[in-house]
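Make one complex out of these two single chains by using the hints.
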Amino acid sequence: MKPKDMKEPEYNQRLEQDILQALKNPSPFYWVAVFTCASFFAIGLLTWLYQMLKGMGVAGINNPVGWGVYITDFVFWVGIAHSGTLISAVLFLFRAKFRNVFNRSAEAMTVFAVMTAGLYPLIHLGRSWFFYWLFPYPNQRQLWVNFQSPLIWDVFAVSTYFTISAIFWYVGMVPDVAIVRRYASGIGKKIYSILSLGWSGSKRQWRHYTRLYIFLAAFATPLVISVHSVVSWDFAMSIIPGWHTTIFAPYFVAGAIFSGTAMVLTLVIPMMKIFRLERYITVDHFDKIAKVLLFTSLIVTYSYLVEFSLAFYGGHKFEESHFLYRLLGDYRYLYWTMLFCNSLFPLTLFIRRLRRSIAFLFIMSLFVNVGMWLERFVIIVSALAKDFDPYNWGIYIPRWPEVAITLGSFGMFFMFFLIFTKVLPVLAITEIKEEAVE
Amino acid sequence: MDRRDFLKILGITSGTMMVSSCGVDKASEKIIPYVIPPDEDVYPGNPLFLNTTCTECPANCGMQVEINEKVYHDVRSLYPTKLEGIEGHPLNEGTLCMRGQAGLFRLYSPDRIQRTMMRHDQGNFRVATWKEALTRIEEGLNRAKQDGKKNAYFSGRTTGSLSELIDRFCRNKDIERLPEFEVFSYANIKRANEMVFRRPQIPKYHIEKADFLLTIGADIFETHISPVSHSWRFARARKNENFSWYHVEPNLSLTGVQATRRLSLRPRSEMVLLTFLLQTVLEQNERKNNPGITIVRSLPNYPLDEVSSLTGISETDLRSLATSFGNAKKPLVIAGGVSTAHQLGLEVAVLTSLLQWIMAMTDELVDFSQAESYESIGTFKDVESLNEQLDQNTMGVLFISRMDPVSMLPAVFKFSRQIKKAQLTVGLSDHMNDTVRECDVILPLSHSLESWGDSQPCRGLTNVIQPAIDPQYDTRSEGDILLQLLNNESTYKNFLFEKWNKNYGDAGTKEMLKTGYRSDPVPKVMVSFNTLAVSSFVRHMEKPNFNYGVVLCLSPSIRSYDGRSRDLKLMQEIPDPLSTISYGGWISISPLTAEYFRLKDRDEVELTAQEFSLKLPVKVQKHLSDNVVMVQRDLIPVPLTAVDHRSGEASWYVPNISLQKTGVVLPVPILSGSMEENHRGILPPDDDHGHRHDDEEHPRWYPEHEHKDYRWGMAIDLESCIGCNACTAACYVENNIPLVGLKEHLNGREMSWIRIQPYYDANDNFEFVPMMCQQCDNAPCEPVCPVYASYHNPEGLNVQVYNRCVGTRYCSNNCPYKVRRFNWFDHRLVEPLDKMYNPAISVRGRGIMEKCTFCIQRIRAAKDHAKDENRLVQDGEIIPACAQTCPTEAITFGNMKDTESRVYQLAQSERAYHALEELGTEPAVNYLGKRGNNHEA
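If you're matching them up, the sequences are chains E and Y in order.
One point on numbering: in the working numbering, the residue at position 121 of the first sequence is 121, and numbering is uninterrupted.
One point on numbering: in the working numbering, the residue at position 262 of the second sequence is 262, and numbering is uninterrupted.
Rather than coming from a laboratory, the hints here were simulated on the basis of the structure.
Just so it is clear, CB atoms sit at the ideal spot from N, CA and C, and this is done for glycine as well.
Treat the hints with care, since some could be wrong.
Simulated pairs of lysine-lysine, DSS-like, Cα-Cα distance not exceeding 30 Å [what the hints assert, rightly or not]:
#, chain 1, residue 1, chain 2, residue 2
1, Y, Lys743, Y, Lys209
2, E, Lys433, E, Lys291
3, E, Lys317, Y, Lys661
4, E, Lys54, Y, Lys70
5, Y, Lys524, Y, Lys510
6, Y, Lys173, E, Lys54
7, Y, Lys615, Y, Lys543
8, Y, Lys930, E, Lys317
9, Y, Lys743, E, Lys54
10, Y, Lys867, Y, Lys708
11, Y, Lys173, Y, Lys131
12, E, Lys317, Y, Lys420
13, Y, Lys329, Y, Lys209
14, Y, Lys145, Y, Lys514
15, Y, Lys70, Y, Lys514
16, Y, Lys600, Y, Lys661
17, Y, Lys835, E, Lys54
18, E, Lys189, E, Lys24
19, E, Lys273, E, Lys288
20, Y, Lys622, Y, Lys145
21, Y, Lys173, Y, Lys661
Selected chain E positions facing chain Y (in silico; Cβ < 7 Å) [stated by the list, open to error]:
#, residue
22, Phe94
23, Arg127
24, Gln142
25, Leu418
Excised from the complex, chain Y in its bound form (with noise of 0.2 Å):
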């Protein structure tokens, strides 16, 4: 061979082997061509904003879906990845609250019931086509005609045209629409305002009108009513100097902590506490012409110290109340939560209302023309009447729509039996639920971003509900299901536009998809007082007895409303704002009565009581009174106590409980360290106020860095934050967070990029503080690091590279505020939840540090965007996830370069601070301390 053919050989074989090697099947993506553009103005990258309607508790707010193209499973396809308030929607004003966050978890479920399915004759279920459990519903109402025997339709909380279209199928197929079921139905509330006002409704409260405000038991930010509308006007109402708020519980609420004085309470004792109130304030301020006086004169007198000796409140504080409420221009009353839900819960309501009368501001601040749309629904005495008709064998066929009453009632219902007892039982629902399992045939819902609908959450306004995306899977709207039934050729979408357009025209209609609701305008309502009912109501009410014991008290969750929402994994993984226990149940006790029966958290007791015991771990909180125990309701299976017959409401209290310690210590995940704060310099410095230590010059090594057009900061009001985890759910699903369940918690292992943190001040009052990166100028996090994975960005953030990070730890381990979160497994969502992951943002794998950076893809698109237009990123025009939902604004963004930027003039604040300040790490984080006022003793 010479030379030449040896180098051509060469060439050839060295050549086939480059070709032959390239391309690696594994790592290869499909690209798909654009040639035949996706529907709509879809552009890859550029998200759309669709406005709907949030289902996922009866408050109904407005919710904008954010949704992205993306590639899933081979699929390019549009899919929501957010989803967050619409800006200024009359209930939520552009905000969600932690469960409306994590609405997606409901959507991408794994638990969604995918296929039709009926049980056969074995009892199993098995899958089955629309048309056969159509047709087997078909029969099922033939045979129970034939039979002589009643149908039922009893569902969730409906309102607007879905109500209408089940009444014109219940009236067309001679079914009985029952009342229907919500656990929390303010029986008591709708009958006291039926009683005083001649209106079984639920107000609306202006809480941002007044100048006081008192809660007796209603927690206004965790479950009553409309939580995320009560945030956000009870942050205006603070704006007023003068405002204050006494809250009057006898558990622990999140609310309670976050009033400016909270005062425990005895159980039952509210109406002697209100009775006393009606007297003083009519002693201090003498009004004329009301007809109420003459009721308060017929009241049972206490004195002072009676009603100090039976409420369990001091004297003085009774006296500050009752001078601070007679002083008020605009006081608001607002009763409800677990003070209305006891035997002399409906006393407490009357009196409630009959205070606000007196006042005379009812118009103003309860405003009955936006009333909620609370009429249909029902109590737990309609519960016993169905139970009734059961027992006697004459249903027919029974449709249950959109809840869980089997895991909600309590077991003395013995619901899961009773609805066997019908001949047929359909149950309607997107989730696999205890209910579900006992009917007879399931059909499938599609969730509310799958399918047109309406909702009317109150007097005068109407939310749109749409599609954000196709059914994944074979499920139907029930509006489409119930047209089926009506053998009504038409869809569901259909029959809501024939109507919208009736009603408000096609231009309105337009104008009303595109904003996702619409206000009309609603006839004022001036309430008048019903004398003589109060007046007899009044003179036979009875006197509280106090023969219980210790109170077993079951509590709403903020997580999971009355336990619908228990069903979304994100609520877990955030702990409650209060105990900070992510998962599993828990019992609060207070730290005298932990001491009495020698128990440290975690310590499993059990509890008992007639015919109920149960099992859990405890948690010391303090603030609880001694002779109650608390538990959310939501983690136990209900006990029930008893029904007022008057009203429908149930207790929610189990009185004569016994506590035994078991010995166990079970593992608990209490994410909180210590809530003792001890002057760390996390909560506001109470020396010198207003002093910031770290404004002071600093020898530094290292040049300061420059930062040109941007030095982006936050400033957070403490005020404000209500410790509700808004933020905290958002920022998950913003920057794919992974959820890492429950051994992953006690292992101290959480992911969350922003967390509550609850300390006791130097009072013991409860504060939150909301921390998250600090984003430091002199930040230790970045020296630290071997590889320039953390470093200082131009624009002053903390970056991190994640594709640089090698997972050395220092970073978290040097960072005071401990906010970095490493990846110690491959978190993966499971599947389909995956589906929701932001495609602005990658998915992170095992030994990677990861951290806040203030949304850097917000600001990213932000800046781009004013790139095009060849200008800087205006003030507002970046809201980072969590600052966008917060309902009290207590989070402000944007640039501390920029002086006119509102976060710059926060930070010019007296009350601003750092946190940790002495350490000179020179935060972009403003923390704005509380005013005074909860500072006193």
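In isolation and in its complexed conformation, chain E is listed as follows (with noise of 0.2 Å):
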């Protein structure tokens, strides 16, 4: 924050060259971290290989549990996602401001999250060399995609999510990948200056750049219900007890707003301390994004409860022994670590002085992204073991190629994100700028 004794331009620049700093050539660690990324990414990819060459067999999935760790990466992705676009669009129409210090990390966040997430379809396919049959497009067969199936709306909702996501990312940092062009040399000038797109902060430039930004913030605000309502459909639109129910897609969209929140908290956090960024990310801002993180785990808690009231006075015989399986049954012991990260954990939120201690509050990210992934891979599998038909039962372990391939994922992500923190602003310049000018 500005303090109250510094000139706006004195403040300006010392933000730019602050913000910018961490453009600077990377230290040893820096290399280290994105090399170990990379090499998970590898691995990943190479796993991927194998399984696509021996078949979805390496894998633990089996008859009855079809979809297990892909799907539940997939929808924690996807999940992860959401808060980019919540806390730069959703908020940004709201004027939260605490907003502008986080939503330049939020918004890469959710254009890598969403990458990551695209690969998962792929990955679970069973020939993922034809993937590209889930698109319409016109072929001399006259074969057509099924638009009544939940995965060709995924196909839609995650394509189109990615392309406004990146579009709002990019149009959001040109006036700073501008000031970043100010400040580069040699090759990397030029490339600033191509993307900076001739931006000269001109006033009738800025005119239309806000009126764009409203625009596209409010074309991203349904985005933010509709993507991982989509996603959940995927599950309630089967008639599998424990998917099949209407409260899936407020209970998703929640519960990604949920996770994404903490996905934030567990990059920007150390973000932070890297750069020595505390100057502008200041507790404050930390305290009314947990608020954000105890919303949400209260209405995914409340989601918890309703599902299982339902079946419980619902009275369905394959709902309450579902729901019996799942507290109870083979996976009961992810399903009380989930209990404990999403419902019980962030109940400490309440209390004023955890909210506003960072190191707690990384913990506390730590352990909802846990929790989430667990909550996701709990509705998948435990749905799936025990269905219908009592001789169709089974259980599903995971296998190496699984864990490798999240492990991958987990690796492409951070590499992105790495080098997202070294090409492009990690703040929004500008509207801190503009922040301190209000």
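The following block contains the structure:
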């Protein structure tokens, strides 16, 4: 925040330098980090190749559990992607100023998370090499996709979401890139010049820019709701007890925001420490984002209660037996861990002191990440493991390719994020400036 | 360069490039011109059918072979691709059991012996020519003559012309023909019938004519004499509303759980029960002039409570059994299996025959005129005397043909060591097995589908064996080998034709070759009762003793008969119907035993008795007696307990077993997730009988499916289904379903399109539900497929377009019946088993979902045929593989749009219901629930 005694140009200069110093030559530590992430990513890709060559059987999925870690990862990453848009678009429209320090990394996170998520539907296909059959493209055999299938809705929802969030991210970054251009030299300057699209900061440009930004924010807002609703319909549109329920859309959206907010914390806190941005990202900001976390945790907990109550007073035998299985069956330890991470532990955020403890929030965010991953895993797997016909009941235990590909996806995500911190401004400089003026 | 030159060069280069890039080597296929048409009336795509005989077990059912022309390893030839029963055959009425269906797995087995082999001095085998091998045998016979030693011919059950030829060979070469060896020799039954009726034979049981059936230990649907025949006869008997069936057994069998009432009794106590029945039945209805009556009077008198305490059957059950039996007009009693295979087995068999005689129904129901050909079968006693001969070192050449005594005989026989005591042992077999491995000369036999022959499974029936394929390896039929050893120029085929022409004439022979069998009238046999023998036997009858502690009962297995069908790879892929265990062995124990020893499914236990110990995982099985542990006899090295020297029957019990939990938990492929159905809607609804939930109108978002001419449907009568798994085996072979092996079974990735699901109903009785794709009208799998690979065809089938499938597995997740199968890997049958692939349907690659489509290839063929004749397909014209081979006709397929069709009629039955009706999937499969008779507690 701008200190009271500081003049505006002086503050702006310091702000720019502080943020752009992150783009300075990387330390060896950075290279090690990028290399580690890249290796994980490479191992993940090789594992995927192995899986394609050998067959899906190298993973642990089976009959009846046809979806396992891959779909869990897909939902997890789509969920992560959510709060990016929430923070940048929805909070923008609501004029919640605290978002300014988070929005750039949140949007970057969104883009990378959607990229990661988008790989999973391909990874889990039995014949990944025919993935393009899921797109409605004209062909001489007049084959078409089935628009009744939630998986096709997914294709559109995720690709739309990716497009919009990438554009939104980029547009929001143009004035900042122009600032970077000012400080850059050599080939970098050229690239930033091109990326900044001739931004000169004229009044006319600013007028158009703010219009466009509001428009994009308004456009992206419904996507926050729609994308994860569509993802939840992958399950809700089925007839499997534990999946087939109408609360899934709001429940998944809340869960997505919950997990995404946690992931923002997981990313921003180390970033802030490493790049020494405490001056701009203050405890007040964290206090506010912790409230978002607490609020979504309460919604998610409410959903858990609703699910169980419905099964309890609905008196439907399949529903009942499924929820008993979820609570007490083979996956009970995972479910109890999930309840602790998502429902019990976040209740501590009612305490102001903990909300304002950065270290505590960081630990909390890790717990929530784990909890939300487990939530998807338990929902997907336990519902399939014991459905209608008892003869088919089975159990699913993930195998190494699933672990390797999951780690690979984390490698990919963090690799992109690390690269982002070195090539683009990690905070929205112009917006912080604006905030300072106001 | 001007513009024209440029265009010329461009044209030439691009043209050359296009031409040269045409034709990819890898994908090119040889096109074989149809200049010289192949043999007979073969047209590509049209299968040939040939009638022959199944030789998988001694029942010798009539078998129709479907032969398809196809290219295998670049050679276009004819290959048998499917086996089915011969329509109207007196034994099997057009059906086969699961072992028969899997017969191609023997024909194309990778373990076939391909070359003649001889043991050389170091003891290893080397490949030899036929000439060398036959010369070696000649030399051996000569040497035996010089040394003054005896020769012997020891074979499995042989009937028909081959038996005559063996006799001739043995006479000619001075060889003793030993009694044949079969593990299931029915020695006690034969001995008992000899005693009671003066006929050492196994009669034909006309179950279909009975109104009451009492089976004592006899596993009539699994291995007992002629299971397929029993199955269809039973199905006919059941059509009679008053038919009822009691099954009494010490163990737990597939047959037992099908009975109207199954009673567990203590091992060895059958004779107490039979004595009680004899006396009660006589009391109830006076039967005059029956010489049996005095004998019954002389039997020890057991009061009801003593019978109950000795047998372990409750007094109520005993009374109701006696009443039903006494009231029956045509009662039939069959004893066998584990009940006649113990020290008192002969008593059980004799009393059974006596009981049947008392009821005066012998000739109509127990038919000796069509007796099974078991006369030449020996017993364990005969093997003992062979062992003695071998011990005396007087054996010259020993021929062992078509059997594996080394692995089937109890270890105490030490048969693998014994046979080495002969100067020369000659093994004849199509498969490598433990016995031929010990022989000096191995003569590879042609499979029965590669050779000529005939068989006479019972009196008055001659089955033809004719080749459906040329011998694939350098193998010969047993007949040919014997003729060559006799220095006879003729082939066995000529030998047979001469005989057939002589006996049946030219036309008769042709007719027989066409139908595959010939029934000749047999003189009616009226049995007479041998009062003297029976009364003296009964007088000296021992009282049963029960000092055996916990008993290990060796039960026969429907999957491998006596162990011989273990080689068929398919038989391990299909689970045992009661335990749903596919690969590996297990011990069944009762829930109480499990509780006592704190055992759960898959826990390993060590069983010990005198000189015998065994480690196997357990499977807890309801309904099994607490003092009995059960193991399938083909899965373990056979322990010998005792041989009954009156008949030669071996005991199939190991008494005084002690159990010890080892603490190890083994991976066991138990395919059923749970056998508790808990009113989930898979078994018939027991509340509102006949009410169909899904007949109500449901609002639909999308328009209803319109079916113009056809809406294929199925009706499955659960009352008829005996859980024999023949349908499963037929489906595997018909639809090229991959075998995935133990590891994938443990992963829960078995591929069967149809499976037999055992469940306990509300009264804890077993019910089998065959489950396959239900071809729902409102199918959950269809809307979720993103690429329309799963789609509803105009005839109501949920078709799966394999080429379009990308493998999301969403359809399988959303299928409440979980009948879709995903190809987790590229599963191929190992060579040369892949010769059996049905050319009418594709072999699916990895990453694809597959499933039952009511044998769509058969539907297409029938529709094409009907189209040629400008008509619609008629009822009964299409029979899917499962329905075709169902011995009890539990499965009916047809067009639901045709109100005259059988399937439509059955679907209107009061008993009809849909599986998981409340989901509103509107399946095309109608299950017909059991009538109440199995529901009495």
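> Any of the earlier hints contradicted here, and which numbers?
Replying inline: 1, 3, 6, 7, 12, 14, 20, 21, 22, 24, 25
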